[in-house]
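One line per chain: the protein sequences are A and B, in this order.
Going by the numbering used here, the first sequence opens with residue 1, and the numbers climb by one from there.
Going by the numbering used here, the second sequence opens with residue 1, and the numbers climb by one from there.
Among the hints, erroneous ones may be present.
Pairwise CB distance ranges, derived in the manner of DEER restraints [claimed, not checked]:
| no. | chain 1 | residue 1 | chain 2 | residue 2 | range |
| --- | --- | --- | --- | --- | --- |
| 1 | B | Asp2 | A | Asn43 | 16 to 26 Å |
| 2 | B | Ala3 | A | Leu48 | 52 to 62 Å |
| 3 | B | Thr254 | A | Asp110 | 31 to 41 Å |
| 4 | B | Val395 | A | Arg38 | 50 to 60 Å |
| 5 | B | Val404 | A | Cys62 | 24 to 34 Å |
| 6 | A | Lys17 | B | Ser74 | 37 to 47 Å |
| 7 | A | Arg38 | B | Asp11 | 27 to 37 Å |
| 8 | B | Pro128 | A | Ala8 | 51 to 61 Å |
By construction, these hints were calculated from the structure, which means they are not laboratory data.
Just so it is clear, CB atoms sit at the ideal spot from N, CA and C, and this is done for glycine as well.
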Amino acid sequence: MYSNQVIARDVPGLDIKSEIPLLEKKGFLQTQVFVPDRLRNVNPHNALEAGRSLALTTCSNCHSLSSTGMRPLANYFGGNTDVAMVQTYLQGALGTGNTIYMPHIPLNDDEAYALARFIVSLNPSPQPVVRTAAAPEKE
Amino acid sequence: MDAAMLYALRDPAGIPSHPIIFLVLGVLTWALHIAAVQVMLGASALTLYGAFSRDAHWRRLAAAMITTAKVAVSVAIVLGVAPLLFVQVIYDPFWYTSNVLSARWVIGFIVILILAYLAMYAFYYRNPKLASQPTRSAWQMVASLVLMLVVGWIMHVLSYQMLLPEQWMGWYAPNGNINPGGQSLHAYSVTRFAFFILLSVAVVAAWLFAYRRYLMGRPGEDAGYIAWLLPLAHRLMLAGGVLAVASGALWLATLPEKMAWFATSAWVWASAIALLTAAFFPRLLGNKLDQGLWGYAPFGIGAVALIVVAAAREALRFITLLGTHGYDALDYKINLDWYSTSLFFITFAVLGGVVLGYLLTVAWKAGQTKGVYTPSPALTRLGNLSIGLLVLWIVQYFAIGFYVWAR
Ligand code: HEM
């Protein structure tokens with residue numbers, strides 16, 4: 001189980017099933033317990049809020065959503081304001097589980113769009129304190 | 001929050017033993033926790049009263065009660081961990097949600113507890129001769145008592161929020177806007193809190209009977225002081241009984257609708273009978289209080305009454321969550337782990353019994369002796385056995401770990 005509570009593989013000994021197939025089919029917003037009803041389906045009006053909800057439940061236990069603290073999420077996107085680009089990245093890297101150190105986080109089109117909207121709205125800290133996807137840390 | 005959602009919040013790994021074990025141990029250890037809390041609160045209050053008094057007996061009592069309170073805090077903390085573990089095993093969807101929704105307070109709990117404890121120690125160190133010298137820095141003791149009550153209040157809110165799953169979403173996302181800050185204590189019941197806190201009066205009265213009996217066993221103790229304690233204990237017991245019944249009745253009268261059934265349930269009757277029995281027991285005993293070990297009996301009966309109250313408190317939670325919310329704490333998935341289950345019970349019964357038995361016997365006997373106390377050979381053997389068992393425990397712990405790792 002990842003620290004964002006997603007069970008990513010079967011554990012036959014304890015009779016635990018992976019949740020990835022369910023998440024791929026239904027998405028996070030439909031299956032998470034703590035999601036306000038009005039955010040369960042993404043639409044143009046609620047995309048930003050739905051994205052925040054996704055970030056809170058699936059990223060924030062490892063990435064701070066503000067500009068300080070542990071691995072601020074915004075810093076990994078270097079101030080990128082292109083929603084489509086961020087969405088492609090999320091689905092390509094995270095959605096396939098191909099990012100080093102990070103859990104497999106399947107995101108359907110709507111959810112990836114919402115999360116990208118939210119990430120783009122964040123302000124990275126002025127001086128990146130960590131290595132980012134866009135700018136490697138200076139040694 | 002429907003039942004399916006509550007079940008989704010459970011630990012998918014299941015639990016290592018039957019849930020009834022966790023439920024019962026939770027009730028028993030919580031009763032012990034609250035007993036220690038109540039002794040601590042009662043002893044703190046008596047310390048304060050004595051510290052502001054000029055009466056020599058009161059001042060002597062204050063000096064004794066500050067040492068009692070000091071030890072009772074650490075016992076309350078240790079005995080608070082046990083129900084914490086049990087409640088988070090079978091009620092994890094509720095306990096963790098309640099904690100996360102008030103996260104800042106959960107963290108603040110520890111800080112406030114440390115401050116409360118430090119304040120108590122500060123007072124203790126400022127007043128090494130409370131019995132014979134004027135009180136210094138009484139405000140430290142006031143601060144300690146107030147902060148301890150804040151700590152208890154946080155615990156109360158955490159326990160109480162568990163019972164209200166229908167409101168969680170409104171707290172997490174008021175009007176649909178998520179607020180993950182955890183700044184607020186969302187729900188409380190003043191009457192419920194008052195009941196558990198005011199019970200301290202009766203509990204500390206029972207404690208005073210035992211304290212008095214303990215002093216009677218010490219050669220050369222001041223008979224005037226011992227005689228003075230008796231009516232005080234009786235009066236506190238009476239006041240405590242009245243306060244418990246009155247605040248308990250208020251609590252029952254102010255139960256939210258979904259818990260209203262509790263007010264007339266057998267659980268409440270059983271608790272009322274147990275509490276009243278405990279309150280009248282010292283009067284029933286009369287002169288017997290001074291014979292044999294009877295002087296300790298009021299505290300023993302009080303402890304039994306607290307277990308009944310703890311069971312009723314658990315019934316309120318279990319039945320409310322099952323009846324109104326469809327959550328059955330006893331149908332938790334079990335992945336039986338024989339090793340940890342038997343290790344737990346062996347540690348609890350054998351090590352706990354022998355080691356604690358030894359320490360408490362030595363402490364008690366030493367207190368009953370004037371001058372240097374030399375344990376009997378049998379007790380010394382028990383001491384050696386305690387050490388042997390502890391060593392054995394540590395060795396088997398690492399041996400099993402190594403075996404599992406090397407396998
Ligand atoms: C020292 C000051 C403390 C006070 C005055 C205090 C008081 C209380 C009170 C009044 C309750 C009952 C709340 C209710 O049901 O409405 C309670 C419950 C509880 N306390 Fe404490 N407490 C203290 C310290 C602690 C500590 C240090 C721990 C843990 C290490 C702890 C663990 C618990 C737990 C786990 C429960 C709830 C158990 C359950 O819901 O089944 N307490 N406490």
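Worksheet item: Can you list which hints this structure breaks, lowest number first?
Response: Hints 2, 3 contradicted; others consistent.
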